[in-house]
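Student: For the record, the sequence lines run as chains B and U.
To convert, note that position 74 of the first sequence is 74 in our numbering; the numbers rise steadily by one, no gaps.
To convert, note that position 67 of the second sequence is 67 in our numbering; the numbers rise steadily by one, no gaps.
Worth flagging that the hints you see were computed from the coordinates, not collected in a lab.
Where hints are given, some of them may not hold.
To be verified - Which stretches of chain U does chain B cover? Using the computed rule of at least three CB atoms under 8 Å from a CB of chain B, they are: (1) 88 to 97; (2) 252 to 262.
As the list claims (entries may be wrong) - Here are the simulated DSSO-like pairs of lysine-lysine, each with C-alpha atoms no more than 30 Å apart in a straight line: (3) Lys76/B x Lys129/U; (4) Lys19/B x Lys6/U; (5) Lys129/U x Lys116/U; (6) Lys241/B x Lys146/B; (7) Lys294/U x Lys6/B; (8) Lys243/B x Lys19/U; (9) Lys5/B x Lys116/U; (10) Lys5/U x Lys76/U; (11) Lys294/U x Lys76/B; (12) Lys291/U x Lys241/B; (13) Lys224/B x Lys294/B; (14) Lys5/U x Lys291/B; (15) Lys241/U x Lys5/B; (16) Lys294/B x Lys291/U; (17) Lys116/U x Lys19/B; (18) Lys6/B x Lys241/U; (19) Lys118/B x Lys129/B; (20) Lys76/B x Lys116/B; (21) Lys6/B x Lys116/U; (22) Lys5/U x Lys76/B; (23) Lys6/U x Lys243/B; (24) Lys241/B x Lys6/U; (25) Lys241/B x Lys116/U; (26) Lys129/B x Lys19/B; (27) Lys116/U x Lys238/B; (28) Lys129/U x Lys19/B; (29) Lys224/U x Lys238/U; (30) Lys238/U x Lys238/B; (31) Lys238/B x Lys243/U; (32) Lys6/U x Lys76/B; (33) Lys76/U x Lys238/B.
To be verified - Just the calculated beta-carbon pair ranges, DEER-fashion: (34) Glu287/U x Lys224/B: 39 to 49 Å; (35) Arg201/B x Glu236/U: 52 to 62 Å; (36) Glu256/U x Ser21/B: 23 to 33 Å.
For every residue, glycine included, the Cβ atom is placed at its ideal position computed from N, Cα and C.
Protein chains: 2
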Amino acid sequence: MVELKKESSNRVSTGTLTKYSFASGSLGGLTTQLNVFLPSTASSSSPAPILFYLAGLTCNEDTGAQKGGFLNTAGKEGIAMIFPDTSPRGAGVEGEDDDWQLGTGAGFYLNATADKWKKHYNMYDLIIKEIPAVLKEAGLALDWSKVSIMGHSMGGHGALSLYLKNTGIFKSASAFAPACNPSRTPWGTNAFTHYLEARTRSSPPSEWLEYDSTHLLAASTAPKGSLHLLVDVGTEDKFYKEKQLEPESLKQAAKERGSDEELEVRMQDGFDHSYYFISTFAPEHVEYHAKYLKA
Amino acid sequence: MVELKKESSNRVSTGTLTKYSFASGSLGGLTTQLNVFLPSTASSSSPAPILFYLAGLTCNEDTGAQKGGFLNTAGKEGIAMIFPDTSPRGAGVEGEDDDWQLGTGAGFYLNATADKWKKHYNMYDLIIKEIPAVLKEAGLALDWSKVSIMGHSMGGHGALSLYLKNTGIFKSASAFAPACNPSRTPWGTNAFTHYLEARTRSSPPSEWLEYDSTHLLAASTAPKGSLHLLVDVGTEDKFYKEKQLEPESLKQAAKERGSDEELEVRMQDGFDHSYYFISTFAPEHVEYHAKYLKA
Numbered sequence: 001m002v003e004l005k006k007e008s009s010n011r012v013s014t015g016t017l018t019k020y021s022f023a024s025g026s027l028g029g030l031t032t033q034l035n036v037f038l039p040s041t042a043s044s045s046s047p048a049p050i051l052f053y054l055a056g057l058t059c060n061e062d063t064g065a066q067k068g069g070f071l072n073t074a075g076k077e078g079i080a081m082i083f084p085d086t087s088p089r090g091a092g093v094e095g096e097d098d099d100w101q102l103g104t105g106a107g108f109y110l111n112a113t114a115d116k117w118k119k120h121y122n123m124y125d126l127i128i129k130e131i132p133a134v135l136k137e138a139g140l141a142l143d144w145s146k147v148s149i150m151g152h153s154m155g156g157h158g159a160l161s162l163y164l165k166n167t168g169i170f171k172s173a174s175a176f177a178p179a180c181n182p183s184r185t186p187w188g189t190n191a192f193t194h195y196l197e198a199r200t201r202s203s204p205p206s207e208w209l210e211y212d213s214t215h216l217l218a219a220s221t222a223p224k225g226s227l228h229l230l231v232d233v234g235t236e237d238k239f240y241k242e243k244q245l246e247p248e249s250l251k252q253a254a255k256e257r258g259s260d261e262e263l264e265v266r267m268q269d270g271f272d273h274s275y276y277f278i279s280t281f282a283p284e285h286v287e288y289h290a291k292y293l294k295a
Numbered sequence: 001m002v003e004l005k006k007e008s009s010n011r012v013s014t015g016t017l018t019k020y021s022f023a024s025g026s027l028g029g030l031t032t033q034l035n036v037f038l039p040s041t042a043s044s045s046s047p048a049p050i051l052f053y054l055a056g057l058t059c060n061e062d063t064g065a066q067k068g069g070f071l072n073t074a075g076k077e078g079i080a081m082i083f084p085d086t087s088p089r090g091a092g093v094e095g096e097d098d099d100w101q102l103g104t105g106a107g108f109y110l111n112a113t114a115d116k117w118k119k120h121y122n123m124y125d126l127i128i129k130e131i132p133a134v135l136k137e138a139g140l141a142l143d144w145s146k147v148s149i150m151g152h153s154m155g156g157h158g159a160l161s162l163y164l165k166n167t168g169i170f171k172s173a174s175a176f177a178p179a180c181n182p183s184r185t186p187w188g189t190n191a192f193t194h195y196l197e198a199r200t201r202s203s204p205p206s207e208w209l210e211y212d213s214t215h216l217l218a219a220s221t222a223p224k225g226s227l228h229l230l231v232d233v234g235t236e237d238k239f240y241k242e243k244q245l246e247p248e249s250l251k252q253a254a255k256e257r258g259s260d261e262e263l264e265v266r267m268q269d270g271f272d273h274s275y276y277f278i279s280t281f282a283p284e285h286v287e288y289h290a291k292y293l294k295a
């Protein structure tokens with residue numbers, strides 16, 4: 001049994017945000033922290049639906065909780081939120097603290113397969129398997145049959161790709177300024193080159209496509225019309241201009257799949273990549289997920 | 001003419017948050033920064049009413065803008081917001097960076113009179129006189145006939161005391177966990193001892209009472225019923241428990257003045273001193289001021 005340690009607790013909105021830590025098997029035994037918001041309406045007889053928020057490069061489990069502006073709407077809707085960290089901490093991999101786009105703060109929500117990284121860098125398993133198992137075991141009043149996911153930037157990539165790989169787990173996904181096509185864009189190709197052992201010689205390697213939302217959407221076998229995806233991107237986002245995000249590729253994938261109504265991409269005039277952008281549309285994203293979580 | 005320099009700009013809510021800097025006469029020529037939120041409805045023919053937010057110890061002009069959760073409501077109401085810094089930066093006063101309760105990040109919204117501090121530590125003049133003058137000169141679409149003020153902790157002290165000393169300027173004041181009686185509580189007495197030259201031998205010195213909201217409210221000559229004050233304090237606020245805040249003293253002062261309906265003090269069950277507390281009640285505070293700013 002994993003020991004879930006309570007690090008701190010704050011009353012907020014209609015409930016409580018608690019920071020927990022535990023020694024993670026997925027992360028090679030390293031301690032990971034996460035924040036869990038539980039509305040006061042949640043109880044063992046009436047557990048709350050769950051909305052994950054995955055943060056972006058250089059962020060941690062506090063960023064979305066403190067700056068995102070999600071909790072008042074989540075509280076009003078009676079939705080719990082889970083804010084994981086963005087990478088292992090203190091893995092001791094050579095060079096992990098040298099580049100903000102790789103290593104600490106940059107786990108990319110995948111399971112590493114390259115020798116150097118594979119012991120610790122398994123954020124995919126942490127979020128899909130271990131956090132749910134640990135929180136279930138702890139008996140938190142969470143309804144694991146009603147789960148959705150959202151994220152920002154690298155975490156937007158995480159939200160979209162985890163959803164598309166696990167449509168049986170998640171009801172809906174949304175993202176702010178996500179990296180939609182990381183197998184072809186700079187952050188993603190850099191991360192995948194390091195984290196993933198590519199056994200194939202295709203370009204991009206098939207191992208990369210497993211974490212590429214554009215590919216995952218085009219190739220999805222989910223029944224047509226069953227997916228629920230919302231994406232917001234600011235027109236003044238410098239990373240959009242640098243072609244890190246590529247929401248057009250995701251739209252094209254939806255079109256190829258033959259069901260563009262499953263994906264709404266909204267270009268938000270004048271907004272940038274910051275939490276000022278996120279906090280502006282945060283209530284709308286929570287309401288979007290509420291539709292599916294409370295259906 | 002003071003040069004108002006634009007440091008950055010972010011679209012947020014229904015408008016834009018701009019960070020400005022200028023060389024401040026009040027602060028002995030040091031450069032100060034502030035954030036200004038202007039809703040898109042503001043124009044020279046229809047300038048926006050103004051709500052100041054004064055942050056607490058260790059904070060700066062970004063803290064309230066990023067973590068406060070004010071801007072969506074302000075934007076909806078068409079209200080501008082001004083977020084000043086909490087002290088001069090880089091004054092070079094001996095010891096100003098040694099104690100989080102004094103010096104940098106701890107200007108206490110007063111004009112220093114002690115020799116060591118008086119050249120730079122004049123946050124009162126900065127906010128009451130210089131920021132309005134500089135922003136007027138720059139032609140921002142702000143309506144200086146409609147101004148209210150709020151703040152947190154040390155900034156709650158600032159909001160209440162600046163309001164009570166300037167009821168001709170401000171329409172209303174509100175505060176989260178304010179230091180209500182700083183002439184008798186540890187943060188305040190420490191700051192006042194250093195910043196203010198006490199010529200009188202009374203205890204507390206009369207110079208201190210000029211910045212003590214409890215004293216200012218009890219002694220106010222404003223017409224009965226004309227004041228508008230809202231205060232929220234969390235029951236689990238450790239600084240409340242340590243008697244740094246003393247909202248009961250402020251309530252007593254309102255009672256002595258004979259018009260308790262001018263002040264609402266709400267004890268918020270289970271909340272602490274953090275921005276999780278502030279962001280929960282931020283929309284209510286903005287709506288409170290909107291009543292008076294848009295009357």
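Student: Check the structure against each numbered hint from earlier and tell me which ones fail, lowest number first.
Tutor: 1, 2, 3, 4, 6, 7, 9, 12, 14, 16, 17, 20, 21, 22, 25, 27, 28, 29, 30, 31, 32 and 36
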